[in-house]
Every structure is written in C-alpha cells, then in structure tokens.
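Here the protein sequences line up with chains H and Y, keeping their order. Quick note: to get this note's numbering, add 97 to the position in the first sequence (first position is 1). Quick note: to get this note's numbering, add 97 to the position in the second sequence (first position is 1).
Please keep in mind that the hints were generated in silico from the structure rather than gathered at the bench. Incorrect hints may have been included.
Which copy is meant is left open, so a pair is good if it fits within one copy or across any two.
[Said to hold, decoys possible] Subject to a maximum C-alpha distance of 20 Å in a straight line, what follows is the list of computed DMTMM-like cross-link-like pairs (lysine to aspartate or glutamate):
#, residue 1, residue 2
1, K457, D483
2, K315, E441
3, K429, D483
4, K457, D390
5, K457, D389
6, K315, D480
7, K348, D362
8, K348, E460
9, K275, E246
10, K275, D252
11, K275, D362
12, K348, D359
13, K249, D390
14, K457, E441
15, K429, D362
16, K457, D430
17, K348, D252
18, K315, E392
19, K315, E345
20, K315, E434
21, K315, E460
22, K348, E191
There are 2 protein chains.
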Amino acid sequence: MDGKAGHDLYRPRPGNHTVGHQLHPHPFPGSGRQARGGCGRVPEPPWLYPARRARLRFPQCLAYDRRLGRGQSRRHLGAYRVLGAGVMGEIMFERIALIGIGLIGSSIARDIRELGLARHVTISTRSEETLKRAEELELGTDYTVSAAEAVKDADLVIVSVPVGASESVAQQIAPHLKPGAIITDVGSTKASVIAQMAPHMPDNVHFIPGHPLAGTEKSGPDAGFAGLFRERWCIFTPLPGTDAEALEKLKDFWRALGSRVDEMDAEHHDKVLAIVSHLPHIIAYNIVGTADDLETVTESEVIKYSASGFRDFTRLAASDPTMWRDVCLHNKDAILEMLARFSEDLASLQRAIRWGEGDKLFELFSRTRAIRRSIVQAGQDVDAPDFGRHALDQKK
Amino acid sequence: MDGKAGHDLYRPRPGNHTVGHQLHPHPFPGSGRQARGGCGRVPEPPWLYPARRARLRFPQCLAYDRRLGRGQSRRHLGAYRVLGAGVMGEIMFERIALIGIGLIGSSIARDIRELGLARHVTISTRSEETLKRAEELELGTDYTVSAAEAVKDADLVIVSVPVGASESVAQQIAPHLKPGAIITDVGSTKASVIAQMAPHMPDNVHFIPGHPLAGTEKSGPDAGFAGLFRERWCIFTPLPGTDAEALEKLKDFWRALGSRVDEMDAEHHDKVLAIVSHLPHIIAYNIVGTADDLETVTESEVIKYSASGFRDFTRLAASDPTMWRDVCLHNKDAILEMLARFSEDLASLQRAIRWGEGDKLFELFSRTRAIRRSIVQAGQDVDAPDFGRHALDQKK
C-alpha cells in the first residue's frame with residue numbers, strides 16, 4: 098500500500114498529545130493542486146495534518162462527543178472504538194477521490210477522516226453549492242466540480258451518484274484515471290452500473306462495482322455521518338478476471354468502515370435488492386401517495402393519526418427522489434417481477450379478507466412474525482419496541 | 098368523583114418520605130374480595146398502599162429508573178414528570194376493571210399505577226397463565242379469570258381484547274355492571290365493536306367506545322409500559338345521546354395518561370384507520386410474505402440484507418396475529434376500499450416503471466417526501482434519521 102511507508106509516523110495514537118517525530122513536516126509534500134476545477138483546495142487542512150490532529154482531536158471522545166446527536170447515548174462510544182481499534186490511523190490509500198458527496202459519499206468522507214484512512218481526499222460534485230458545503234464541512238482536502246480533475250492521482254475512486262449518472266461519470270473520468278487505481282461505486286443496482294461504466298474503463302485500472310447496504314431517508318452532505326456503514330453489508334459484484342489483490346484491498350477499506358463484505362454476481366444482487374430494498378421503497382411511496390389522494394379522509398387526519406402504522410412508511414417514502422427514480426428505471430426487470438409477485442399475493446390476501454377467511458389471515462400474520470425475530474437475531478435491526486422510537490418521542 | 102374524598106390523603110407527594118396522617122390505615126377498607134374467579138387477590142398490594150408506596154417509590158426517579166430500557170436515556174424522565182405533574186396521585190376512579198391485559202391493557206395498568214389514578218384495579222383475562230403473569234408484575238390489586246366478577250363495583254371498565262371477542266365480553270359483563278359505570282374499549286375498529294357491544298349494555302351505564310392510537314409490535318402483559326399513550330391520540334366514537342359528563346370524565350382519564358383526545362363518528366373512524374393503520378399493516382404482512390415465498394432469493398439473504406428497507410416492514414408484520422386477523426374481519430368494507438385504491442395506484446406506478454416514465458416517478462417520490470415532513474412537524478414521529486435506530490444499532 099502506498100501509505101504503508103508513513104504508517105507508523107502518521108498513525109494517531111490515542112493519548113499521545115505530542116507527535117514530535119514527523120518526517121514530513123508538511124502533510125502534502127509537493128502539492129501544487131491549487132484551484133482545481135471551480136474551487137481551490139484548503140491549505141493545510143487541520144484534520145489531515147497528523148500533528149495537529151493529534152493535538153486537536155485527542156482524546157478521541159472529543160470528536161465522538163461532538164457527533165452524539167439526539168437519541169444517541171454515551172454508550173455509543175464504546176462500540177465505535179472497537180471498530181476503530183484495528184485500523185485507526187492506518188493510511189490505506191494515498192489519495193481517494195469521492196465523486197458525489199451526498200448521504201453516502203459524505204459518510205464515507207467522514208469515516209475516512211475519523212479513521213485516518215487516506216492522506217488526501219478529493220471531493221467532486223457537479224453542484225458548486227454542494228461542493229462549497231462539503232468544503233465548509235471539511236469533508237476532504239481538495240475540492241473540484243470536475244470529476245476528471247478529481248480522479249488524477251487518486252488510488253481509489255468512489256463514485257456515489259444516482260445510478261442514472263454512472264455512464265456520464267465514467268466517460269468523464271476514464272481518460273484521467275491513474276494506472277493501477279481502483280474504481281468502485283455505491284449504486285443500488287449493479288447490472289446497469291456495470292453496463293454503463295465497464296465499457297469506458299481502461300485496461301490498466303481495477304473497476305470493482307460495490308454496494309453498501311446502508312443509508313437513511315435523509316440526503317445531501319449534511320445528512321452523512323461517520324459510522325453509517327458499521328455492521329452493514331457491502332456487496333461486491335466483481336467482473337470475471339478481477340484482480341484478487343485489488344478486490345481484497347477494496348474489501349479491507351470497507352471493513353475498516355465497519356462493514357461486513359459479501360460477493361455475488363450482479364444479476365443476483367439486483368434480484369435480492371429488488372425484494373429487500375426496491376420493492377419496500379416503491380410500496381412505501383405508493384401507499385403514501387394513495388393516502389395523499391384520499392378525499393374522504395383529510396390529509397391532516399392522515400398526519401395526525403399516522404403513529405398507528407402509516408408513519409413507518411413515510412420514512413422510506415421520504416428518500417431521495419432522484420436516487421429512487423433511477424433505481425426504478427435501472428432495475429426494471431427485477432422490480433417488475435417482484436411487483437407482480439407482490440400484487441398476486443395481495444390479491445389473494447384481499448380475497449381472504451372479503452370472504453372472511455380468518456385462518457388464512459392468521460397463518461400469514463403468524464409466519465411473518467418469525468421473520469422479524471430472525472432479523473433481530475441476525476443483528477440487522479434493534480429489538481426495542483417501535484424501533485426504540487418511544488425514547489426519542491419523549492424528548493420532543 | 099368517588100375518589101375525591103380521599104384525594105388529599107392519598108395523593109403521593111414527591112419527596113414526602115413519611116406519610117403520617119393516614120385516615121385509612123388499610124387501603125382496602127372492607128375488602129372481602131378474596132378468591133375472585135380463578136385467582137385470589139394480593140393482600141395489601143404494596144403499590145397501592147400509599148404509605149408504603151411513598152416509602153418504597155419516592156424519590157420518583159427510582160420507579161422511572163427501573164423502567165428505563167434499552168435506548169431510553171435519562172432525559173426521558175423530565176418529559177414524563179411534566180406529564181405527571183398535573184394529575185399525579187389524583188384518584189379518578191375508585192375501582193377500574195381491565196378486561197384483557199395485553200400490550201394495551203397492561204400499559205394502561207402501569208399508567209394507573211404510576212399516576213395513582215385508582216384505588217383498586219381488577220385485572221381479568223381468560224388465560225390463567227396471563228393472569229398469573231399480570232399478578233407477578235403487580236399490574237392490579239385484584240385478579241380474576243371471570244370478566245363478570247371483574248366488573249362488579251367497577252366505576253370504569255376498559256375492554257382491551259381483540260375486537261372479535263367484544264360481543265362475548267359484552268355478554269359476560271352486562272348483567273354485572275355497576276349502575277353509572279363507564280364502559281369503554283380500545284378496539285381498532287369502532288362500527289363493529291358498537292354493533293357487538295351496544296345491544297348488550299344496560300341503560301344505566303355509559304358505554305363510550307374509544308381507540309387509543311398507540312402500540313408497538315410486541316404483545317402480552319410484559320410488552321406494556323407506562324407512557325405508551327403519551328402524545329398519542331385517543332379517538333372516541335360516542336353514540337347519540339351519550340352523557341356529556343361521563344364522556345368528559347373518560348376523556349380526562351385519557352388526558353391523564355398523556356393522550357390528546359378527539360371525537361368522530363364510528364364510520365369515519367373506520368375509514369381513517371383503514372388508511373393510516375390497517376392498510377399499512379396489511380401491506381407489511383403481505384410484502385414480508387412475498388419475500389418469504391421467493392425461491393430465487395433465499396430467506397437468509399432476505400434477513401442479512403434487510404437493513405436496506407425491508408426491515409421497516411417486518412416491524413408492523415410482527416404485530417399480534419389475532420388482533421390483526423380480527424381487524425381485517427371487522428373493518429372489511431373500509432379495508433377493501435383502501436386496498437382497491439392502493440392496487441389501482443400501484444398498477445399505475447408499475448406501468449410508469451415499465452415504460453420508463455421518469456418524470457412521473459420523480460413527481461410521486463417528491464410529493465411523498467413532503468408528507469413525512471408534516472408528520473415530523475406535527476410531533477407524530479421523530480426527526481432523527483432512520484427513526485434514530487442508528488444509536489441503538491451501535492449498542493448491540
């Protein structure tokens with residue numbers, strides 16, 4: 098790894114408030130990167146300067162305390178420290194380029210920063226306004242509206258844009274990629290992303306599609322947070338002939354973010370995600386739309402009484418519209434198949450209600466309960482009733 | 098109010114560790130209620146004996162500390178105290194009978210106990226085992242498997258059973274109701290409950306159907322907790338000619354539990370609930386069933402990757418099967434109408450996906466986002482991303 102040489106020197110040590118043996122007094126040796134694209138770089142960003150970071154950020158709890166938001170208890174700290182223990186401060190890539198800085202991109206940026214995984218992080222997004230915000234949040238070291246500029250010299254490029262924009266990004270970055278670089282993405286559909294990006298990738302880079310199964314209903318650079326990927330799965334759908342070492346290096350990066358990693362082919366990924374993610378979002382959008390259209394029940398009633406079930410759906414239905422439009426358009430076949438199955442089952446359930454088939458209803462309603470238990474046991478959801486929302490409700 | 102006479106004496110006073118002026122040294126004067134139905138009563142239940150309660154339970158935070166579960170922070174206390182401030186210790190009913198002691202019944206019982214709203218609480222449930230558990234949890238003062246026994250002398254009777262059992266309960270209790278008593282329920286359907294119960298009610302009692310819009314996916318007496326109804330709506334669907342004073346007294350009881358109260362006719366209630374509660378539950382049950390049936394995606398994959406959306410639905414789909422079977426059977430018409438609208442909308446959405454109508458998808462996905470915002474603004478859900486689940490996730 099490029100960063101290994103400086104490994105011992107740049108690793109922040111908890112409790113070590115003086116770092117007196119810097120071989121590189123300036124953390125960006127030879128950086129002539131001023132004014133890339135539309136925005137300039139921040140000279141000596143304090144968060145990547147190890148000496149200053151050691152002084153400013155340790156003891157670690159300062160950083161984590163700041164991050165504790167509503168509903169997060171201090172016990173949070175312990176778990177996160179365990180995550181960081183093995184990798185904290187290990188520079189895994191000399192330069193990482195993040196193309197797109199929304200919820201996912203900005204969470205990755207925060208993790209890289211907290212964990213010290215790269216020496217330089219170039220942030221690129223088309224919107225000047227968003228780029229400015231990313232800079233205010235100190236999410237990277239360099240900022241540019243040009244994806245082409247951003248990928249120069251980057252050892253790892255992470256594309257975090259709505260899947261419909263993948264081809265355009267691939268075309269822009271392809272001629273500028275550093276030989277040997279790893280190019281990955283975070284898109285929710287994989288066959289379509291491969292079809293859009295792979296043809297443009299030069300032979301001397303490693304293009305490895307990925308998908309971290311994590312997120313919230315919020316979007317934009319302010320919505321991200323460190324730890325988003327912790328205990329969540331990141332699925333890779335490598336193409337045949339993918340370099341094993343590059344794949345392992347990319348997996349290590351995601352493991353450092355706390356993720357569990359998995360591998361499957363793109364078609365299977367798209368089917369699995371159609372049922373566990375795409376269908377639930379589409380159904381949520383649909384039911385909220387149906388409620389919104391009712392004339393016999395007013396919108397204010399729908400809102401007032403939403404705690405009796407409806408509100409759960411509004412969370413998914415508040416997700417980023419652009420992202421989900423693209424998912425629908427780019428995983429069409431798998432989604433249509435799942436929708437057909439869902440509708441078939443719903444028609445059957447509807448018939449059971451119409452004909453008063455209590456046993457049939459009871460059987461289905463009991464079976465689904467077991468699945469919830471398995472999810473909680475697998476550590477994929479909290480066991481607290483109502484997602485633990487009650488505790489937060491009380492604080493309003 | 099019956100309890101007003103003893104009001105000043107029995108009101109627990111925070112911080113008052115010695116209660117030296119008891120007029121009634123025994124809190125159940127003249128109680129000859131041993132061995133009601135299948136189970137006996139607990140002699141001198143400590144939680145209703147004011148002197149002992151004052152000694153054992155104050156300072157109040159002891160009680161609340163015990164109740165703080167996972168994901169509940171200490172800040173919870175402040176809010177709950179505010180709730181209790183106006184009503185703490187005011188005995189509103191001399192005796193309350195709770196028929197059914199599941200999630201809702203046991204939460205009511207806990208609130209009555211915490212807030213000191215009744216001198217005696219008789220708990221009744223058909224199952225010996227559940228009754229025993231209620232007694233172990235000290236949810237009442239008297240316990241019986243006979244609903245008929247339970248309502249004797251009760252000034253307020255709260256029926257908290259699956260709606261399909263309403264008629265049977267009404268038949269059992271009707272001949273034994275105390276003249277002037279208020280009889281209410283908590284059923285999720287109202288027209289059906291009225292049809293089942295009203296014909297059996299004697300003229301000298303006040304039958305006032307109600308529905309607190311609160312709950313979690315858990316069930317049984319262990320699942321309940323004090324504060325469940327706080328900031329939640331309780332809807333009453335009084336029959337024509339209902340006594341205004343009785344209705345107000347019942348509303349006051351629910352307000353004491355922290356609820357906001359509302360009134361509408363039963364048919365409108367059933368339509369509103371069909372969209373805000375029944376349809377979401379049915380859709381959740383259905384989607385979990387669809388996922389469970391898939392042969393191309395394994396169940397273990399559905400569980401592993403559930404955090405990408407699916408897990409949200411599994412919570413509602415883990416709700417009590419008996420309760421939801423009964424809701425489906427007893428609000429059939431309104432549910433079938435909502436299902437028809439939902440399916441119509443879904444067919445249209447499906448078509449938009451098939452034909453790649455991105456603008457139409459984007460329009461719907463944007464519109465639904467606004468509804469989420471309104472719900473959060475109305476205080477009916479938390480604003481924390483992912484229901485604040487992230488904080489709890491970290492503690493596992």
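Quick rundown of the hints versus the structure:
no. : hint        : verdict
1   : K457 / D483 : neither (26 Å within a copy, 33 Å between copies)
2   : K315 / E441 : neither (32 Å within a copy, 29 Å between copies)
3   : K429 / D483 : neither (32 Å within a copy, 26 Å between copies)
4   : K457 / D390 : between (31 Å within a copy, 15 Å between copies)
5   : K457 / D389 : between (31 Å within a copy, 16 Å between copies)
6   : K315 / D480 : between (23 Å within a copy, 10 Å between copies)
7   : K348 / D362 : within (16 Å within a copy, 59 Å between copies)
8   : K348 / E460 : neither (42 Å within a copy, 37 Å between copies)
9   : K275 / E246 : within (11 Å within a copy, 83 Å between copies)
10  : K275 / D252 : within (7 Å within a copy, 80 Å between copies)
11  : K275 / D362 : neither (26 Å within a copy, 70 Å between copies)
12  : K348 / D359 : within (9 Å within a copy, 55 Å between copies)
13  : K249 / D390 : neither (50 Å within a copy, 48 Å between copies)
14  : K457 / E441 : within (15 Å within a copy, 24 Å between copies)
15  : K429 / D362 : within (17 Å within a copy, 44 Å between copies)
16  : K457 / D430 : between (31 Å within a copy, 18 Å between copies)
17  : K348 / D252 : within (14 Å within a copy, 66 Å between copies)
18  : K315 / E392 : neither (29 Å within a copy, 33 Å between copies)
19  : K315 / E345 : neither (31 Å within a copy, 42 Å between copies)
20  : K315 / E434 : neither (28 Å within a copy, 32 Å between copies)
21  : K315 / E460 : between (36 Å within a copy, 18 Å between copies)
22  : K348 / E191 : within (17 Å within a copy, 66 Å between copies)
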